[in-house]
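Enquirer: Protein chains in written order, with this note's numbering: chain A, 1356 to 1751; chain B, 1356 to 1751.
Hint data in this document are derived by calculation from the structure and do not stem from the laboratory. If you're wondering where the values come from, they're calculated on a predicted model, not measured in any experiment. Treat the hints with care, as some may be off.
Each pair may be met inside one copy or between any two copies, as identical chains are not told apart.
[To be verified] No farther apart than 25 Å at their CA atoms in a straight line, the calculated lysine-lysine pairs in the DSS-like style are these:
#1 Lys1596 with Lys1711
#2 Lys1564 with Lys1362
#3 Lys1711 with Lys1593
#4 Lys1408 with Lys1395
#5 Lys1408 with Lys1480
#6 Lys1539 with Lys1555
#7 Lys1711 with Lys1603
#8 Lys1488 with Lys1711
#9 Lys1685 with Lys1368
There are 2 protein chains.
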Amino acid sequence: MKLDLDKIVETVKTYLPQKKESFIGLHEPIFNGNEWTYVKECLDTGWVSSAGKYVDRFEEMLAEYTGTKRAVAVVNGTAALHICLKAVDVRSGDEVLVPALTFVATANAVSHCGAVPHFVDSEAKTLGMDPGKLALYLQEIAELKADGCFNKLTGRRIKAVVPMHTFGHPVDMDRLLEVCERYKLELVEDAAESLGSYYKGRHTGNFGKVAALSFNGNKTITTGGGGAVLTNDPEMGKLIKHLATTAKVPHRWEYFHDRVGYNYRMPNINAALGCAQLEQLPRFLRQKRSLAERYQRAFSSVEGVSVFTEPDFARSNYWLNVLLLDEKYKGERNRLLEHFLDNHIGVRPVWTLLHKLPPYQNCPCMELSAAEMLESRIINLPSSAFLEMELAEYDV
Amino acid sequence: MKLDLDKIVETVKTYLPQKKESFIGLHEPIFNGNEWTYVKECLDTGWVSSAGKYVDRFEEMLAEYTGTKRAVAVVNGTAALHICLKAVDVRSGDEVLVPALTFVATANAVSHCGAVPHFVDSEAKTLGMDPGKLALYLQEIAELKADGCFNKLTGRRIKAVVPMHTFGHPVDMDRLLEVCERYKLELVEDAAESLGSYYKGRHTGNFGKVAALSFNGNKTITTGGGGAVLTNDPEMGKLIKHLATTAKVPHRWEYFHDRVGYNYRMPNINAALGCAQLEQLPRFLRQKRSLAERYQRAFSSVEGVSVFTEPDFARSNYWLNVLLLDEKYKGERNRLLEHFLDNHIGVRPVWTLLHKLPPYQNCPCMELSAAEMLESRIINLPSSAFLEMELAEYDV
Ligand SMILES: Cc1ncc(COP(=O)(O)O)c(C=O)c1O
Ligand SMILES: Cc1ncc(COP(=O)(O)O)c(C=O)c1O
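Only chain A is shown next, with the shape it has when bound in the complex (with noise of 0.2 Å):
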């Protein structure tokens, strides 16, 4: 039997308000609240730059909404991974244990500390790291000495490990944890995909000693482009903030520099705009949630293929949607991607897996069967919060 590509294509046309036959995006941001007041306060007062009030209202907003002691505002996620593995002080030479199912930036900033990226296997369940499969692989090639874990096969020392909640949906952190403990392994969580997704009731980024947000344009919420570090500790906060501002002592008049540091620092005028943002969030998330509903719902009707659903530990934030192949239909992805966006409607596959790519095909990885097969089966779905407001119009 042959996937009916039409009948796939159809069901998200007739569900999706399609205006003038324009294109549906993945997933485009909205700026309906106060985007405009504070960017424009920013302007009026010359404010725009490294200083103002915008960087530290977005910082404490960022706290209190994820529920860590401190949030530090960055450029982008990518700086926000990278100084959280040099926060942990993943150093040149040192191994980070990553998915091979990810966005290629969590592999860069392994690389960007001069560290050597070491691909791990996903749990079907989650999309994200299996913790289960970790744990076994680690027995069989590491070796715990006094300074640490080390990889038996290459010498090197494997530092940290970085899970990431994949299209908003939480890795089982419970059982991840448990491995990183036995192996003294520090935990950093990739969070950038997981604003306003939470494990056993807790926000994601509150598991790892740090962890990493972004607010790309594609993401929940956007500052344009930026990022975030959390941390429940408050003196790595200090560390974060003090490495992401070139690391410039204090002083009155002075400039003296006490590391290398960086300038990562989110510029005002886009926190400005993840302020608005910000305040905005509950409701994007019940558009989303609403969104992600519906499409399971249209979908299972729809032989061959089905939506993907939060893990049940989790409230996910339903960042992505993912439209899941039935295994035997996973060679029909590619013709099912390109007919998606013939009809304007913008969907994506996953990440080709890091392993496979020039850079990284020569680095250590355990046995990928499961990040194989989703990176086969998975295209994403439009999912703006936006759509889900445009459909409730619809419906009355």
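Fit chain B with the ligands to the known structure of chain A by using the hints.
Expert: Okay, now just chain B with the ligands, sitting in the frame of chain A:
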């Protein structure tokens, strides 16, 4: 004889508009042009992030204004420098010659490549790298081999030279280019401070293989935070854009990255600011030049200090005006700084010489007497373009 601190502060005070005892900043931006219009358009269309026409437009405007073949907008000047060094193939373990007298970002960008900054002395005439002294020094310590220039003392390859146009005043590029050619060194210009500055009639940033600009909030024009790479080599331009945008290979839907890339994209909303600011640059430059001339006149009759003027081969943007203490008064610098600040006048010393900072104190360096002397004598005066506009009103 003691330096008359009061007289110096009064000279600035009576000269600058002192509105209701408010603090006069060192360099503040002004948004009198199309900033609102362009930023609002970003918000109204939803194009605030990496895609959007203002990034392209800003890049085109920058290339045209500077007379270079290609400009690539990035998140800030530090990122611009980092990408420049990557683009000329600076590798981990290389040495890069940088001035001791510069903002810490010049050396940090070298460190971010895993390379080692090697500090060079300044010349009093330009405040920038001294090509003559560098030539003599390299004669002593450098060895040319088939695969490049090597430091005989450390054994490391010396890959590049990064002159910095201090406060907008161009380095003597012809003499420096000669040294670079002789020793097969790549020339990367740190033009972070010199947008609008010309060396022998040609805009700075045209002399090295690549150059970095900054649009930080304290610069001649600002994008909140931002920077750009300039190059006259179209292939290099493509490489830089590729490196700055996660090295993603263009494809209708596939996520494939062929190198370790960076997320150094300037968001569209910041580029919108940049377009509006760049439109006003000619006016800002006229105002800043006029302000510099007034400072020069005002201090010509004050004992113990002088105001730095552009070298004869240059037309400088006068980004930050320099009050130069006579050599015999260099011990008074800190007292004078405090006195200015106590009087609500935003001044600052030059940066602590980089070879004195903890992260760089063990790096190689030549004898640095000119930089030491300049460090002890320089005080930057308030230099915002709008100070002149307001003054002009006073004058009528
Ligand atoms: C999983 C993941 N990690 C990191 C990032 C990097 O964030 P940014 O694009 O803001 O640099 C992203 C988003 O792009 C992401 O999806
Ligand atoms: C000489 C010099 N280099 C590099 C930079 C770095 O630019 P940014 O602050 O935009 O990262 C600056 C400005 O801050 C600078 O003055």
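Enquirer: Next step is simple, just say for each hint if it's right about the structure.
Expert: Hint by hint, here is what the structure shows:
1. Lys1596 with Lys1711: between (35 Å within a copy, 23 Å between copies)
2. Lys1564 with Lys1362: Neither. Shortest intra-copy (46 Å) and inter-copy (55 Å) distances fail the 25 Å Cα cut-off.
3. Lys1711 with Lys1593: Answer is between: at 24 Å across copies they meet the 25 Å cutoff, but 37 Å inside does not.
4. Lys1408 with Lys1395: both (13 Å within a copy, 21 Å between copies)
5. Lys1408 with Lys1480: neither (42 Å within a copy, 40 Å between copies)
6. Lys1539 with Lys1555: This pair counts as within: shortest intra-copy Cα distance 24 Å, inter-copy 60 Å.
7. Lys1711 with Lys1603: For lysine 1711 and lysine 1603, only the inter-copy Cα distance (14 Å) is at most 25 Å; the intra-copy one is 40 Å.
8. Lys1488 with Lys1711: Answer is within: at 20 Å inside a copy they meet the 25 Å cutoff, but 49 Å across does not.
9. Lys1685 with Lys1368: Within one copy only: 22 Å inside, 74 Å across.
Violation of the numbered hints given earlier is confined to hints 2, 5; the remaining hints are satisfied by the structure.
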